[in-house]
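For this one, chain X is given, so just place chain V on it according to the hints.
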Amino acid sequence: MSINRRQFLKLASVSTILGVGSAAAITSISRSGLEASQSSPDPKGLKAKRWGFVVDVSKLKTEEDYQKCIDACHNIHNVPTLKNPKHEIKWIWKDDYEHTFPNMAEDKIMNKELQEKNFLLFCNHCANPACVRVCPTQATFKRKSDGIVMQDMHRCIGCRFCMAACPFGARSFNYVDPRKDNAIKVENKEFPTRMIGVVEKCTACYERLAVGKQPACAEASDGAIVFGDLEDPKSEVRRLIAEKYTIRRKPELGTQPGIYYVIGGGEHV
Amino acid sequence: MFERALSGSNRYWAWIFFLLAVIGVGFLAYMKQLNEGLGITGLSRDVSWGFYIAQFTFLVGVAASAVMLVIPYYLHNFKKFGKIVILGEFLAVSAVTMCMLFILVDMGQPMRVLNVVLHPTLNSVMFWDALVLNGYLFLNIIIGWTTLAADQKQVAPPQWVKPLIYLSIPWAVSIHTVTAFLYAGLPGRHLWLTAIMAARFLASAFAGGPAILVLLALLVRKFSKFDPGQEAIQALAKIVTYAMCANVFFFLLEVFTAFYSGIPGHAHPLVYLFAGLDGHTKLVPWMWTAAVLAFASIALLVNPSTRQNEGTLKLALVGVIIAAWIDKGMGLVIGGFVPNPFERVTEYAPTMPELAITFGVYAVGLLVLTLLYKVAIGVREENGAVEH
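Line by line, the protein sequences give chains X and V.
Each residue of the first sequence is one higher than the one before, starting from 1 at the first, in the numbering used here.
Each residue of the second sequence is one higher than the one before, starting from 270 at the first, in the numbering used here.
Here chain V stands alone, though its shape is the one from the complex:
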């Protein structure tokens, strides 16, 4: 089945070589980091996690979002998602791959990464995060590949894959919940120390992830003969709408608790993010961009006429993705570290090598996504839609 990824138009190969070039640049930058240490990044004693972990946090959400297709299709028999569910599963594979790479490039001693397995530490959330991420990757590879292979032969998928599909539902929730627990269980980090963190993570995931998926589906429809279906796209857009409303609502709950309680420590990170603290305002324009985009895209999504119009829908989805990316990534991670435990402000901004490595990892993810989608679309184009 994989041979479908090895033949394609010139445009396909140009895209592949472009990605390989970006990966190459990222790899060179990573060699520099491996040699000189994480000192080549903008990280510091005070902001010890940055751009890499921000991308990881955002992408775990993208991976978890596949469940928004799996639940309606497999639990509620929503047939309209039949053609598109494979796109969700393969997007999850690509997203989890990137997550793992971002963790790897963030490590000071990556050659010791197996210590996590060699010295399993049940009280460390990071151990559980590694466990659930790996599990989710394998689940989606197995489920996606098996159902696609069955499609190609125009037969029903084997029976043994069904329990795995059901297992993948709570598992998707677990990857984002456990990732939220990385943050939510730390004493002294006011922005993170909140019981609603996991719920916020899931809400933003179910907004951002399906938004990416709709845009991918529209791209697939444009560049191939495979049509994921108008109704599937509109159904996903509704999921994005509800999830984005919940996401913004949850965020406002945090704002209420921080400011109405009047506890200074709880308010400081939010003040830093949206107004700046002690004259440090690096993230302020970003956070306001996210806020404006969040409300603007909700306005476009809630209104049926702008949601059904593909032009305005695309705008709204891009808005959702950027807002979620800024809020979940930069805002959440950096806001947790600023101000530091001494109530001092040390700002953070990624450096050029850090950005090159980040783009490199994204290019790996896009390469995985392209190859998997090429295979899936090839099968779909040949057989049309097979209901299973």
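Just chain X, with the same shape it has in the complex:
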């Protein structure tokens, strides 16, 4: 559809009177006038019905294996390092078995190896996320296209309801200004830093997926973190889940977490 100046003025004047048509007018202009490439997605971008992760803890052996993944994420996302542990910001971190799976930790005579294992923890990108349900401003929302649980830092009012709702402790709040006191060691200019008073979290590297890259943690993990489409029966994540014994954190809560942990890992499993 193309529209000339006269038609535009007519449409604009009517819109002004009605007070509703301006959006339609702008859309019709943008369709004809602007370069389509300015808003169309990168053809290399990765797509899925629902993104998910499989973390094979048997492949994370040394302290460095964990730290590589954590650093990869925190460095490119300008996650600050704060002195006060109460104000800690973390998108991905490690914890022991007992605290990763507190509801299973009652078993005292279980597999020693598993009990002594550490786990990589980050946002589960739940299919039924409690944080999205409670957010009063839709600052936390689940992307319809691929199920990523997103955080709009410009919309967030800092009420921290999502932190109370998340059963996985996956959210951090900027109690202090992360841009101050050199809390961000080396700033990545390609990713925004945050301001005080907003909640932040892992967003599954949506910005990397858009240009065809894997999430930073998966890329840095040497195969310990596999990322893929949980809804695609032919995907690598589905193959792993079918072949290996995997567990999820707090499945009884019904949030349907999107991180599967491969445990055991031995040949007989």
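Among the hints, erroneous ones may be present.
[To be verified] The calculated DSBU-like cross-link candidates involving lysine-lysine, where the alpha carbons are at most 30 Å apart (straight line), are:
1. K94(X) to K551(V)
2. K86(X) to K301(V)
3. K551(V) to K86(X)
4. K83(X) to K551(V)
5. K180(X) to K431(V)
6. K83(X) to K301(V)
7. K68(X) to K244(X)
8. K250(X) to K551(V)
Simulated from the structure, these hints should not be mistaken for lab results.
Chain V in isolation, oriented as in the chain X frame:
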């Protein structure tokens, strides 16, 4: 009518300026918080709601308690509450004002607060809480002010206010139910994930709120010529008695479920509150104070002779208020976060600036309450009691 709040004794003005000074200090502390962020509070990644939200939770109950006067007076024609019902409505106005301020000072980005209205989110309980709180504030301002204005002219209140009064009854229940739903609908928070949460909220509200109201009525009687009436005070004291018994009973139901089921996660928050967990015992003395005060005040209230004696009644009411404040505020909010989702204990205690801001908000509430009561008492003193 408001001009009555602008003239008063030296003592009245001293009180007003004292409140303004406290508000001033609180405001300065808030400026610091606005500038530096909520990092100046004792809050953390693990305990992300604290003293502010605790006060909010307690005060919603105080606001809801006005219904304990409105129901007997308007639904059951209990005339003895005629003089005192306005005190309940104005206490609700003051309490809701404080609730809103506590929410505001708890926000990381308060200048974005309108996002709640600009992006209404029907699935967020917080949206509904904002809605019912605002509605209740307006209902009580309109009802209180209109009936008082009619009193001043010694005429019956206009007919249109009646439906609003009836509406205010379920509305009062709704503000506390919806506030309870803020907590009760969250997965993975064992202390909060209980169907009896809203009932517990209402029981503690109908104990704590009227207890404050009786003490206010006694103060009003002492400092003015307006007498709310002995029978009204005693009737309210009975309401406090029943509600406090229900409140403690409901709490014990939680204790039974948590410990008899033997599910560790359900027991942990209660263990933390009353015995301490992993060596962390900050809240233990507070919770036991609340428990002892709750039972002691019930003993004083249930016994007719100590309830009718104003000296022991006052003691009992103070006990009820402190117990409800500790249990509803600190215990409930902090106990929900401790232990955290990883079963680790991070303790919380409010900091000095946090306390200054809290006192500031309370001073705003007391200022609103003082001004409204001054007007109401002025009208009452002139006209005596008008039945409407």
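Given the proposed pairing of K86(X) with K301(V), does the C-alpha separation stay at or below 30 Å? Judged against 30 Å, a Cα distance of about 19 Å means the pair holds.
Keeping to a limit of 30 Å between CA atoms, is the pair of K94(X) and K551(V) held or broken? The given pair, whose Cα atoms are some 28 Å apart, holds under the 30 Å limit.
Would the hint linking K250(X) and K551(V) be met if the CA-CA limit is 30 Å? holds, 29 Å
Given the proposed pairing of K180(X) with K431(V), does the C-alpha separation stay at or below 30 Å? Distance ~57 Å between K180(X) and K431(V) Cα, so the pair is violated.
For K68(X) and K244(X), compute the direct alpha-carbon distance and say whether it is at most 30 Å. With Cα atoms ~24 Å apart, K68(X) and K244(X) stay inside 30 Å; holds.
If you draw a straight line from the CA of K83(X) to the CA of K551(V), is it 30 Å or shorter? Since the Cα atoms of K83(X) and K551(V) sit roughly 23 Å apart, the hinted pair holds (cutoff 30 Å).
Pair hint K551(V) and K86(X), alpha-carbon separation not exceeding 30 Å: Satisfied, since the Cα-Cα distance of roughly 17 Å is no more than 30 Å.
Is the Cα-Cα distance between K83(X) and K301(V) 30 Å or less? Between K83(X) and K301(V) the Cα gap is close to 20 Å, so the pair holds against 30 Å.
Checked against the numbered hints given earlier, this structure breaks only hint 5.
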